[in-house]
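Q: If you want the building blocks of each chain, they are given just below.
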Amino acid sequence: GAGVSQTPSNKVTEKGKYVELRCDPISGHTALYWYRQSLGQGPEFLIYFQGTGAADDSGLPNDRFFAVRPEGSVSTLKIQRTERGDSAVYLCASSLTGTYNEQFFGPGTRLTVL
Amino acid sequence: AQRVTQPEKLLSVFKGAPVELKCNYSYSGSPELFWYVQYSRQRLQLLLRHISRESIKGFTADLNKGETSFHLKKPFAQEEDSAMYYCALANFGNEKLTFGTGTRLTIIP
Chain R
1 GAGVSQTPSN KVTEKGKYVE LRCDPISGHT ALYWYRQSLG QGPEFLIYFQ
51 GTGAADDSGL PNDRFFAVRP EGSVSTLKIQ RTERGDSAVY LCASSLTGTY
101 NEQFFGPGTR LTVL
Chain D
1 AQRVTQPEKL LSVFKGAPVE LKCNYSYSGS PELFWYVQYS RQRLQLLLRH
51 ISRESIKGFT ADLNKGETSF HLKKPFAQEE DSAMYYCALA NFGNEKLTFG
101 TGTRLTIIP
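Line by line, the protein sequences give chains R and D.
Position 26 of the first sequence, counting from 1, maps to 26 under the numbering used here, and the rest follow consecutively.
Position 97 of the second sequence, counting from 1, maps to 97 under the numbering used here, and the rest follow consecutively.
Hints listed in this document are in silico derivations from the structure and should not be mistaken for laboratory results.
These figures come from a predicted structure and were not determined experimentally.
Be a bit skeptical, because a hint or two may be false.
[Claimed, not checked] Residues on chain R that point at chain D, a partial pick, calculated with CB under 10 Å:
1) Gly3
2) Pro8
3) Tyr33
4) Phe45
5) Asp56
6) Pro61
[What the hints assert, rightly or not] Here are a few chain D residues that sit away from chain R, every Cβ distance over 12 Å (derived from the structure):
7) Pro18
8) Lys22
9) Leu46
10) Ala77
11) Asn94
12) Glu95
The beta-carbon is built from N, C-alpha and C at its ideal position, and this holds for glycine as well.
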């Protein structure tokens, strides 16, 4: 079956602009995660959804970052007033409900802020 | 705060030689540990997890609570093992993963 998909695969924007990154999880997966991976670093947790609600948003770096999952499937990560430091690969993952279930990752969106 | 440390950014090993990728963690509880792998031009994927006690592609990892380590081992390296390896930790009751910085493993033919 289809895995996790993310669009766009690459996004180049200018400092100060608004961007939206989309994630389509595996069908039936109720848990959805966003991570950010900067060059030379491991993925860093941003936010976790269980169904439609954000169960843990402790990783969002500031209020410029926001994510939604209105119907419990597709999720959108929104970044306002982008800064050069936001440049990174944004990864989405999904899993079945339950502690320690395998997270299935998407290919990522590479965001470049000029 | 929980933390995962992978001290080696790069590791080169000859084909057929043993491999050990180091991972240490700090967490004040009972964590679950994972190894994720990213092959060239592929997405990040689970290699193995402590709770399953399994061997995948010849790799094993033992959780040593005394040394707070979860090193990944394979007795005989193969060329297809070349990849980026990440150690990760999850809290019980909270499914987010905390990753290390990764080790790039290169197998020399």
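Q: Hints first: check each against the structure and report whether it holds.
A: Hint check:
1. Annotation: glycine 3/R was flagged as interfacial toward chain D, and the flag holds, the nearest CB pair being 8 Å apart, inside 10 Å.
2. The beta carbon of proline 8/R is not positioned within 10 Å of any beta carbon in chain D (closest approach about 16 Å), and the interface hint is therefore violated.
3. A distance limit of 10 Å between C-beta atoms decides the matter here; for tyrosine 33/R the minimum to chain D is near 7 Å, and the interface restraint holds.
4. Checking phenylalanine 45/R against chain D by beta carbon gives a least distance of about 4 Å; that is within 10 Å, so the hint holds.
5. Below 10 Å, beta-carbon pairs count as interface contacts, and aspartate 56/R has one with chain D at about 6 Å; its hint therefore holds.
6. About 15 Å separates the beta-carbon of proline 61/R from the nearest beta-carbon of chain D, more than 10 Å, and the hint is not met.
7. Taking the minimum C-beta to C-beta distance to chain R, about 24 Å, the non-interface status of proline 18/D holds against the 12 Å cut.
8. The Cβ of lysine 22/D lies farther than 12 Å from every Cβ of chain R, with a closest approach of about 14 Å, so its non-interface assignment holds.
9. With a least CB separation of 5 Å from chain R, leucine 46/D falls inside the 12 Å interface cut-off, contrary to its annotation.
10. Taking the minimum C-beta to C-beta distance to chain R, about 22 Å, the non-interface status of alanine 77/D holds against the 12 Å cut.
11. Not every CB of chain R is more than 12 Å from the CB of asparagine 94/D (nearest about 6 Å), against its label as outside the interface.
12. A beta-carbon of chain R is positioned within 12 Å of the beta-carbon of glutamate 95/D; the least distance is around 6 Å.
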